[in-house]
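Visitor: Put chain B on the given structure of chain A with help from the hints.
Single-letter residue listing:
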Amino acid sequence: MTHANPTDNRLPSILTAATPRRVITFVAFVLIALLLLPIVLSAFWMKIMFEMAAYSLVTLGLGLLVGRTGIYSLCQVPMMAAGAWIALRVHYLVDLPFPLLLLISGLLTGLLGIVIGLPAMRLSGLYLALVTLMAAGAITLLLTVVKFPNGGDGFWGFDKLNSSGQNILPRPSSATSDIAFYRYTVVVAAIGFLVAAIHITGKPGRAWASIRQSEVTAVSAGVNTTLYKLWAFALSAAVTGVAGGLIVAGTGVTTNQFPVEQSITLLAVVLLGGVYNLWGAVLAAFFLRVFPQILDKKLGLPVEVLTMLFGVGVISTLAMQPKGVVEDLTNLGRFVGSKFARSERAEHEGVAT
Amino acid sequence: MIVIDSLTVRFGGVTPINDMNLTMTAGSNGLIGPNGAGKTTFFNVLSGFVRPAEGTVTVFGDELLPMADFKRVRWGVRRTFQTEQAIADLTVYENVLLIEEHSGRKSSTRRADVIEAVEFVGLGNQIGRAVGTLGAAERRLVEVARAIVGHPRLVLLDEPAAGLPEDETEKLGEIIKQIPDRTGAMVVLVDHDMELVSATCDEVAVLDFGSVIASGKTQAVLADPLVMRAYLGDDERVQA
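Protein chains in written order, with our numbering: chain A, 1 to 353; chain B, 1 to 240.
Derived from the structure by calculation, the hints contain no laboratory data.
Hints may contain errors.
Straight-line C-alpha distance at most 16 angstroms; calculated EDC-like pairs for lysine to aspartate or glutamate [what the hints assert, rightly or not]:
#1 B:Lys71 - A:Asp95
#2 B:Lys106 - B:Asp89
#3 B:Lys171 - B:Glu203
#4 A:Lys323 - B:Asp89
#5 B:Lys177 - B:Asp208
#6 A:Lys203 - B:Asp89
#7 B:Lys71 - B:Asp89
Only chain A is shown next, with the shape it has when bound in the complex (with noise of 0.2 angstroms):
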């Protein structure tokens, strides 16, 4: 008996009916022309591609919890600014090669992040949407206090004298310019979303599969459900962890970079892009950095039309299209292809006849 390749439909959507060859040249195609972006793009929008980059790991992690475990979280812009905290705390309390920085970074955040995921234990949907919101106030408060370190003495490393209100980490040595550090990051974030593929493909994608479709599917399936659960956050916060210690490094950071209400629009866009597919946080991103610039800069429009814009794009993405701009997209994409093909074959049958 011929079966067909169980392993046919295990990689993400990326482009629909992908195989894994496809996926891997469009994903080659996209970081080679990512990387080369500098070639044509000025030194500001450098800068905001850089910050793309950075923010796609912060959609991707919104991204895995709302769309892999169905799990609504408002912390995930404090979560970045705690990324950024303990890179720069760890960074004046020992000399670290900056991987390294960004690892611990990383894995204290998703510690954090467990910390954050403890309600969701016992609460859901709007609750636990608010919990986490109101956590994401507390860690925003507790930041205007501490600070962000910047070589001070003690825990919190601040020293008052010595404040220059903009705190920036160092960059490794092999990408001290601007263009370097933007290819650095894009790596980055390209490291992230393959741990993220590998674990929606793997053992844990199917267990917040079944979490999301129902506690009981889980339950009934053998999933301890209070573990991946809490996985799923720290992977969550890990990833921004990593964008916050990138973000620091890249651009600096300020104590008021990171207001609680970011998180709401950051939910909006990840929306809008697409939570069920990793191109969505890709496109989530470009919603965040990209396209308030292209509004301001290129149409002259305020930014106030911009939440206006999110706005209509959410209520039309929940009411026509759940899986997003990225699903059109990609039917666009499998259209286009499809009359490519067919005018191919047509030429191909009219050379035979």
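Guide: Okay, now just chain B, sitting in the frame of chain A:
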């Protein structure tokens, strides 16, 4: 063998299972009764979703109730539900694999176990398809494959044929009948389709208002006037 001793479940003032005592020994066992008799609540007790107020359940000598709900799959409890639980956007293979990889079996036999279960229910040629793209009968078979994968010891089937046409129900019955011999597990089937129950179950127990009112060989129980009254009511029985 399943031994249920003085099992009582209370939800506030309601007692869906009231001092239930039953011993099941056959490979395939039916559990029937009118709506609200406590059948699904009993399954929920065995699955760990409901904690009983009193009583014990011993299966193959092991006390089931002290086990954490998710650990019961590892012990060998498998279950289907009245509402479908197969995950639409996962493939047939992944849906069955989900149970297998949380059942504590060795990873080296995982793939073979999953393929064997899927082939057993006759979905070998659909193994790579997303469950959401399958028909209703095929999705039910996925549920059965999920219930028998690995090394099940107790398979609970809650109205597996609900909504299926007669020919599909018959096909499903053939598969259910083979489960004890094929896997060594005990099957407990809850269904309102008496043809399916009598075709697949060696023994049957009847629940009414949370208590067992009859149990024994299937044909004898189904012919019991007390059972007919519980199921059909006096007036309907007279007309029948």
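Visitor: With reference to the structure, classify each hint as holding or not holding.
Guide: Hint check:
1. B:Lys71 - A:Asp95: This hinted pair is violated, its Cα atoms lying about 45 angstroms apart.
2. B:Lys106 - B:Asp89: 26 angstroms, violated
3. B:Lys171 - B:Glu203: 20 angstroms, violated
4. A:Lys323 - B:Asp89: 12 angstroms, holds
5. B:Lys177 - B:Asp208: Violated: Lys177 of chain B and Asp208 of chain B sit about 25 angstroms apart, past 16 angstroms.
6. A:Lys203 - B:Asp89: 15 angstroms, holds
7. B:Lys71 - B:Asp89: 25 angstroms, violated
The structure is inconsistent with the numbered hints 1, 2, 3, 5, 7, although it conforms to all the rest.
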